[in-house]
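Peer 1: When we follow my numbering, the leftmost residue of the sequence shown carries the number 1, and every step to the right adds one.
Among these hints, one or two may not hold up.
Claimed, not checked - Straight line, CA to CA, 20 Å or less: simulated EDC-like cross-link-like pairs of lysine to aspartate or glutamate:
| # | residue 1 | residue 2 |
| --- | --- | --- |
| 1 | K92 | E104 |
| 2 | K24 | E139 |
| 3 | K24 | E41 |
| 4 | K92 | D13 |
| 5 | K92 | E9 |
| 6 | K60 | E93 |
| 7 | K24 | D174 |
For the record, the hints were derived by calculation from the structure and aren't laboratory data. As the structure is a computational prediction, the values presented were derived from the model and not from experiment.
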Amino acid sequence: MRVSSLDSEGLIDAAVRSASGRLKEVILPVNAHFLNLASRESWLREFANREGVHVVADGKGVLLAARLLGCRVPQQIRFAEWVHFLFGAAEKEGLSFFFLGAEEERVRRAGEVVQRERPAIRSVGVHHGYFEFPGQANEEVIHLINESGPDILLLGMSMPVEERWVRENRERLDVGVIVLGAGCFEWLSGRTSVAPRWLSVLHVEWLYRLIQEPRRLWKRYLVGNPQFLIRVLKERIHRVA
1 MRVSSLDSEG
11 LIDAAVRSAS
21 GRLKEVILPV
31 NAHFLNLASR
41 ESWLREFANR
51 EGVHVVADGK
61 GVLLAARLLG
71 CRVPQQIRFA
81 EWVHFLFGAA
91 EKEGLSFFFL
101 GAEEERVRRA
111 GEVVQRERPA
121 IRSVGVHHGY
131 FEFPGQANEE
141 VIHLINESGP
151 DILLLGMSMP
161 VEERWVRENR
171 ERLDVGVIVL
181 GAGCFEWLSG
191 RTSVAPRWLS
201 VLHVEWLYRL
211 IQEPRRLWKR
221 YLVGNPQFLI
231 RVLKERIHRV
241 A
């Protein structure tokens with residue numbers, strides 16, 4: 001999978017450029033869980049490698065894999081931090097947002113929190129992520145987004161639901177840039193908290209999330225992380241041989 005060579009500041013510049021030029025580029029943060037899914041789903045790999053999709057290392061596992069395989073990834077871009085830089089750039093540039101995903105109350109609350117912290121940000125709409133696609137409900141959501149014409153569409157659906165939705169609807173959307181944020185509305189709304197940076201430095205950020213939501217995330221981390229590491233080590237051995 002092709003991973004972008006952009007650092008955090010370069011990614012902000014790319015997002016602003018896409019938003020201003022209505023380029024419909026995609027910001028796609030990835031971690032070990034995403035790469036596990038992509039190893040089984042060819043459509044997900046194809047989507048991530050499309051032109052105009054900026055794949056960035058959100059998780060330490062991606063950096064570890066790159067290092068073991070002799071690839072260069074400039075830095076981990078923690079999405080939970082980076083999105084606030086994006087909000088700041090949007091406020092400065094006068095860019096508008098549309099929030100899509102999660103439960104109705106959660107996404108509305110996230111929008112209110114961001115608006116309170118960044119009063120100059122223009123929020124042009126919010127919508128929950130519980131609708132079927134393709135279908136009439138999906139058509140109504142696309143119409144709502146296009147009527148609003150946001151510069152930045154921030155998604156907060158589950159992975160890989162949001163990737164599939166963007167893959168199927170990207171060309172029909174009248175937006176500037178599409179940012180995939182998975183569970184971002186959970187912590188933007190205050191329902192969950194983000195792991196402190198020092199846990200990321202120790203490579204145990206995943207443990208913080210596991211403690212918060214053990215029933216939902218135990219398999220992702222306790223089974224998925226070893227699977228990811230084994231697959232990376234096999235690839236390293238294969239390359240050396």
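Peer 1: Look at each hint and say if it fits the structure.
Peer 2: Now the hints, each set against the structure:
The hinted pair formed by K92 and E104 fails the criterion: a straight-line CA distance of about 28 Å is larger than 20 Å. Between K24 and E139 the CA atoms are separated by roughly 18 Å; this keeps the pair inside 20 Å, and the hint holds. For the given pair, K24 sits about 24 Å from E41 by alpha-carbon distance, which is inconsistent with the 20 Å threshold. This hinted pair checks out: K92 and D13 have alpha carbons roughly 12 Å apart, not beyond 20 Å.
With a C-alpha separation of about 15 Å, the suggested pair K92 and E9 falls inside the 20 Å cut-off, and the hint holds. Restraint check: the Cα-Cα separation between K60 and E93 comes to about 31 Å, which exceeds 20 Å; the hinted pair is violated. Under the criterion of a C-alpha separation no larger than 20 Å, the hint pairing K24 with D174 is consistent with the structure, at around 8 Å.
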